[in-house]
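Chemist: Sequence:
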Amino acid sequence: MDLQAVKQLAKLMEETGLTTLEVEKDGERISLKKEVPAALSPIPAAAVSALQQPQIAAPAAAPEAAENDSGEVVNFNDVKEIKSPMVGTVYVASSPGADPYVHVGDKIKKGQVLCVIEAMKLMNEFTAPQSGEIVDICIEDGQLVEYGQCLFKIY
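With the numbering used here, you'll find the sequence shown wraps up at 157, consecutive numbering, no jumps.
The set of hints was computed from the structure by calculation and includes no laboratory data. Some hints could be false.
[Unchecked claim] In silico lysine-lysine, DSS-like type, Cα no more than 30 Å apart, as pairs:
no., residue 1, residue 2
1, Lys27, Lys13
2, Lys9, Lys36
3, Lys123, Lys112
4, Lys35, Lys85
5, Lys109, Lys85
6, Lys27, Lys9
7, Lys85, Lys111
8, Lys155, Lys109
9, Lys85, Lys36
10, Lys27, Lys112
11, Lys9, Lys155
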């Protein structure tokens, strides 16, 4: 059990006013419950204590916000995953050794080429479905991608 992860989750509960929090990742689960005074609780204290069960601890989830290179706070709830529309081999540049179409931190416009996906010997340009900023590139040049696999994350 990672004590730091539990502390982060407890802090998140305190900041958001949550009384219960459950996180499951890779088959491990953590459940945190905050005791609420009987006068404030909508459920009788006896019913609350009957519902509580011991839980196995798991690592904490990623934080919801972080600073990007320009110092702005990025709210990860607003980050959109751009997923592959097909199965194929992805190329992040127009030719071997050329600069990639996009880098992390680039501002992109709707319709801008982000990568090329080769499927059945056909090269398909994959364009941005919306404008935004690239916050993560989830692929590598020459990687085989599946339908629905996350290629980019934009904010």
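Chemist: None of the hints should be skipped; say for each whether it holds.
Modeler: Hint-by-hint comparison with the structure:
no., hint, in the structure
1, Lys27 <-> Lys13, "holds (19 Å)"
2, Lys9 <-> Lys36, "holds (13 Å)"
3, Lys123 <-> Lys112, "holds (26 Å)"
4, Lys35 <-> Lys85, "violated (36 Å)"
5, Lys109 <-> Lys85, "holds (18 Å)"
6, Lys27 <-> Lys9, "holds (17 Å)"
7, Lys85 <-> Lys111, "holds (17 Å)"
8, Lys155 <-> Lys109, "holds (12 Å)"
9, Lys85 <-> Lys36, "violated (38 Å)"
10, Lys27 <-> Lys112, "violated (34 Å)"
11, Lys9 <-> Lys155, "holds (28 Å)"
Of the hints listed earlier, those the structure fails to meet are numbers 4, 9, 10, in rising order.
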